[in-house]
Every structure is written in structure tokens, then in C-alpha cells.
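One-letter residues, chain by chain:
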Amino acid sequence: MTAPLSLAAAIAGQAAGPDGYARLEVGEAAWEALAAGCAAGLHDLSALWADEGLIRMALSDSERALRAIASLRPEGGVYPSVARHHAPALRLERAMRDLYGMRPEGLPDPRPWLDHGRWPGRLNDARYEFLPADGEGLHQVAVGPIHASIIEPGHFRFTANGETVVRLEQRLGYVHKGIEVLLAGADLERGARLAGRISGDSTVAYGWAFASAVEAALGWRVPPRAVLLRAIMAELERMAHHIGDVGAICNDASVIAIHAQCALAREDVLAIAQACFGHRLMMDRIVPGGVTDDLSPEGIGTVRNLVGRLDATRAEIRRVYDSMPSLQDRTVTTGITRPELVRQYAAGGFVGRAAGRAFDARKTFAYGPYGILDFALSTRTAGDVDARLMVRLDEIEESVRLMSQLLDRLTPGAICSEPPALVAGEGAALVEAFRGDVFVSVRLGSDGRLARVHARDASSFQWPLLEAAIEGNIIADFPICNKSFNCSYSGHDL
Amino acid sequence: MRTFLRDAILKGMATIPSPGPGPSALEEVARALGERARRRLGRSLSIREVDAGSCNGCELEIHALSNPVYDVERFGLKFVASPRHADVLLVTGPVTWNMREALLRAYDAMPAPKWVVGVGDCAADCGVFAGSPAVVGPLSGILPVDLHVRGCPPPPLDLVKGLLALIEAPG
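Protein chains in written order, with the working numbering: chain A, 1 to 494; chain B, 1 to 171.
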């Protein structure tokens, strides 16, 4: 076994860049030792991607607030597999092999991941072997890629004994649309539009992460008002999805009254986003250098009223939820994620926080205005559907508190600044989307165009935990478990 | 729960009045009727939605159609789980190679007469994803499209107007 190397020891006091990430050039031995460090719990794997002959790994140590991007230059694309030491890297390496031809040596699962054998000019087999499950009386249920309701496509292969799920295996990649290929060579404006469509439900978060990464690469300063407006949009996005999903989870337990109230509250947020920022989902409102739309004095009042209404709805939903044992019967002890798995996968968002992982990019690696704002990080320990739902209700309350502080701090000023001279460089950013932290790394060429952009969705480290959470539950509880995770297919497939 | 009930009585109905069919959507549907000699499907449509590679923005807005504000079921528009029960295939996304077969199978499973509605800029011309090697090409090159509802994503009101055109179309 490789002796683990901690991130702190690898960084050895090297200063971080303006984006908070130290850059490390490592050899194979240190690479493997860092991977073993992930497995030993010394630090978290945050992202893993190929970048023009380099293989790069973003690592973070929440306790010491350290972050670094380690780069290895492999010979002919062959490098020591990270997944061999640390399972959370498995799908990332399978994807990287499919897309960039990297050859991770010792990869524990050699099956393709995003390549379904359908891309023109590629000869991969379209057949796919699912993992075996042996035992008496087992049967399989194949679900998807098209699911029963209006959701994104993906395939779920259940192996069950009667009603009880023995194994769930996911097969994703159906909505892979080559976003990273399109981003390479794009200018910043097109880059921002594409980044805003990595996962439409997190368009504000991705827009912010992309813009921050570009700004770090170029030393581009953002006006203070724009920073606050970005956070206002981000909190609106968070509240809209949290309240909507709380309703959708209750709907999966057939409590239509809560669902209807939540859907109304969500619609309220989107209508006000449209009125204040000109787009219901606030797409393309965050651009490198600032934001495109200002909040008028009337808009400030409108948003204040909105969060007041939203908080009242949240409080009432909490009261109704607490008064319904038949609803809690569906959520409590259903779909439990174990704390050790959550730690291993460094699962972000409410999936992690509901199982005791006290990580929130807004707190742990504070960015934008969050370092100076007063808000609490809500955690639970049960890791079940109920805990995830509770964390989300708590987060609406905190977003309401954040919103009033953000609005109070708004002072008149510019909302966008002119770009500095375009130079070659790189930057990265970690932004807390509603479902968890999203990571974006950007490398700019000397022509000012994007040479390489990599995005890692929070879902990448949450999807595998859903496989584990459903084990031992009944198939009929899968929808409610799945909804309580609400992972992104598009953000994962890219 | 009492607050919900009180609100329901005091605040009145959240549902907006019917916006009626969109003129451009009516025109497009009428054209499709002429060209493909389709007959109208009557006052009620069952819709099967398929995400063929979208960023999920369109799905969020299609979801909103069922909320109490838009409540499209009152117009006879119903989302169904199986393509075998559907009159309309509502497609989003630029159509990825990885979703192409599933999309075609869903269409083939639908009983005739059937309609295809492309939702969002991606379904019209692949939107920002045009030119990607992972994308097949516009939906109209894969299936006969009767109506496009453009937008990125189209707001629910535009979706309602487009879908109403399918019901209201002369023919």
C-alpha cells in the first residue's frame, strides 16, 4: 500500500493563488500518495480532470481551509489510477478515459461510462454489462433512461428480492452533450452562456463559478454591488429549488396540499426573479466582470416582501409536516446515507449535511460576500429522507436571513467592470449551488479564449451514495429517496 | 394546515385565466396540419415528455405547467407516464447521440395520430449546444415536428399558449 500524503504536507507552505488554490506539480509517487491521502480521510477529492496532456486533481482540506490543484504529466496518457485507492474517483476516471483517452492504470472498473457506443466514428460496443448480484429469488427491474415523470433521463437497474432492493446500479451519460468540447476555444461570452447551461437548475451557481474562475485568472475586479447582486440571485435560486423540492418530496408521499403550497411559493420566487432580473431562472445574468441586471429600489422592496412570504410559508409547512405522522412514516429512516460514506465521497449540499458533514462552500471556503454575513450551517445526523428535508427547510430560513443582510448592504454603484487585458492564465472556483458545491476550473489561452474548462457538479459525489442509500429499502420508496437527493443528470453527464 | 385552508378561502384562486392559443403557434400548427394531413386530436391531449439532452431548464418550466397558477389539466392537457397513452411527444434538448434511440422508441410506441412538439431553443436548432460531436442535430431532422415553442427555457405561459394551439387548431 502507498503511504498516504496529506495535502498540508504536499503544499508545504506554498502560497495559494488569488482563487484560493495552490498549484502543485507532482510525480507519480506523490500523486499516488495524495490519492491514498483521500482514502485515509486526510483530505477530500474535489475534482479530477484531464487538461492537455496533464491530469489534474483538486483537493481540499476543510479543517485547515487548504485547497490545491495537483498536476501530473503522464507518459502517453498512462497514469496511476486514483480510484484504485479512492472509490469516489471511479466514475470520473471512466469518463475521462471515454472523453480524453486517458489510461488510468489499475482502474478497478474498466467499463465505459459516458461512451454508450453511439458516438459516430467510435467503435465502442453499445452493450453494457451490469454488475452481477447472485442469490436465491432475486429479480431485476430495469428503469429508464426515460422515467415515468418529467425528469432527466438515466438508467436504474434494480436487483430486488421481492420488494426489497438488494442492489441499485446507475447508468448515466444519456444527456452528455459535449459541453467541455464546446467550451474549448470559446470566447468568454459564449463560455458564460454554456456554463449557465451545465445544469439549468443551478444556472446562477455555475454562472458565478465560471465568472469567478475567469476573474481569478485575469485579476479582474468585480464591483461590490455586483458581488451582492450575485449572492441575491444565488439565494433566490436556492430558495426556489428548496421550497419546490420539499413540496415534490411530500408529493411522493401523496401529501398534495403541501406540494401545492410549495409549488405556489416556488412560482412566486420565479415570477419575482423575472420581474427583477428579467429571467425566471436568472440565466445569463452573471457574466465575467459583474452582472447584467441591476436591482431597482422598487425591486429591493419586492424581494424583501417575497422573502417575508416565503418564510411564512416555510414555517407553516414545517408545522404541517410535524403534525403528520403518516408523512413522517414515509421519510423517517428511509434512504439512509451512512456518515462514513458521506465523508469518503465528500458529498456536498444537503446530502452531506443531513448525515453530519458540516461543509458548505459559503462557510468553509467563503467567497463573495459570505465571509462577512451572519448565517448558520444546518446539519443533521440521521442521513434519511427526513433529515435531508429538514436541512433544506432550515436553509430556506438561513437564505431569508442572508437576503435581508444582502439587501441592507446594497449601495449604489457599478454592476459590471471592464475587462482587463486578456492574458493566458488559469483560475478555479467553488460555489455552493442549492444541491451542493460546484467546482469550475478555467484555463485561458494567450488569445483570451478559453483553452480548457472543467466543471464538476455536486451530483458527481452524490449519485453513488443514492445507490447505497436505497439498499434494503423497498423499490416503491425509490422515488421519494431519489427526490430527496435530486441529483443532476445534466451536470453529471456534461 | 389551517393557514392553507384560510388562504384558499380568503385569497381566492391562484390560477390565472386562459391566455388562449398563441397566434404564431396556431399558424405553425395549421401549417403542419395542411402539410401532413393530420387531423386534430380533439379537446384533450395526453402528453409524454422526453428530455433528449436538455440542461433541465425546460423540465423546470414544463413542471410549472402543473402548478396551481398554470394548472394545464383544466384545459384537458395531461402528462402521462407511458408513450403508449400519449397523443403528444414533448421533446426538450439538442438530442444527444446517447438519447437518440430512446427518443425514437418512445415515438414509435405512441399510437397514431400523434404530434411532436419541440420545447426550447435546443429542440429547435440545438441552441448553445449546436456543433457538438455528442449531439445528433435538430429534432426536426429526427422526428416530424408539428410545433416549436422557443425560449431558453420558454416561460410556462408560452408553453400554455403553444399547447392550446394544438387543441384549438382548425381542422
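Honestly, the hints are just simulated from the structure, not real lab data. Check each hint, because a few of them may be wrong.
[Claimed, not checked] Far from chain A by the CB rule (all over 12 Å, computed), these chain B residues: (1) Pro-19; (2) Glu-27; (3) Arg-43; (4) Cys-58; (5) Leu-60; (6) His-63; (7) Arg-74; (8) Ala-81; (9) Val-95; (10) Gly-120; (11) Ser-132; (12) Leu-143; (13) Pro-144; (14) Pro-156.
[As the list claims (entries may be wrong)] One side only, chain A facing chain B, incomplete, derived with CB under 8 Å: (15) Arg-118; (16) His-176; (17) Arg-197; (18) Arg-338; (19) Leu-341; (20) Ser-446; (21) Ile-474; (22) Asp-477.
[Said to hold, decoys possible] Here are some chain B residues the structure puts well away from chain A; computed CB gaps all over 12 Å: (23) Gly-20; (24) Ala-32; (25) Ala-134; (26) Ile-167.
Quick reminder that beta carbons are idealized off the backbone N, C-alpha and C, glycines included.
For each hint, the structure was consulted:
{"no.": "1", "hint": "Pro-19", "result": "holds, 15 Å"}
{"no.": "2", "hint": "Glu-27", "result": "holds, 26 Å"}
{"no.": "3", "hint": "Arg-43", "result": "holds, 22 Å"}
{"no.": "4", "hint": "Cys-58", "result": "violated, 7 Å"}
{"no.": "5", "hint": "Leu-60", "result": "violated, 6 Å"}
{"no.": "6", "hint": "His-63", "result": "violated, 6 Å"}
{"no.": "7", "hint": "Arg-74", "result": "holds, 14 Å"}
{"no.": "8", "hint": "Ala-81", "result": "violated, 4 Å"}
{"no.": "9", "hint": "Val-95", "result": "violated, 9 Å"}
{"no.": "10", "hint": "Gly-120", "result": "violated, 10 Å"}
{"no.": "11", "hint": "Ser-132", "result": "violated, 4 Å"}
{"no.": "12", "hint": "Leu-143", "result": "holds, 15 Å"}
{"no.": "13", "hint": "Pro-144", "result": "holds, 20 Å"}
{"no.": "14", "hint": "Pro-156", "result": "violated, 8 Å"}
{"no.": "15", "hint": "Arg-118", "result": "holds, 4 Å"}
{"no.": "16", "hint": "His-176", "result": "holds, 5 Å"}
{"no.": "17", "hint": "Arg-197", "result": "holds, 4 Å"}
{"no.": "18", "hint": "Arg-338", "result": "violated, 28 Å"}
{"no.": "19", "hint": "Leu-341", "result": "violated, 26 Å"}
{"no.": "20", "hint": "Ser-446", "result": "violated, 24 Å"}
{"no.": "21", "hint": "Ile-474", "result": "violated, 19 Å"}
{"no.": "22", "hint": "Asp-477", "result": "violated, 18 Å"}
{"no.": "23", "hint": "Gly-20", "result": "holds, 20 Å"}
{"no.": "24", "hint": "Ala-32", "result": "holds, 24 Å"}
{"no.": "25", "hint": "Ala-134", "result": "violated, 4 Å"}
{"no.": "26", "hint": "Ile-167", "result": "holds, 20 Å"}
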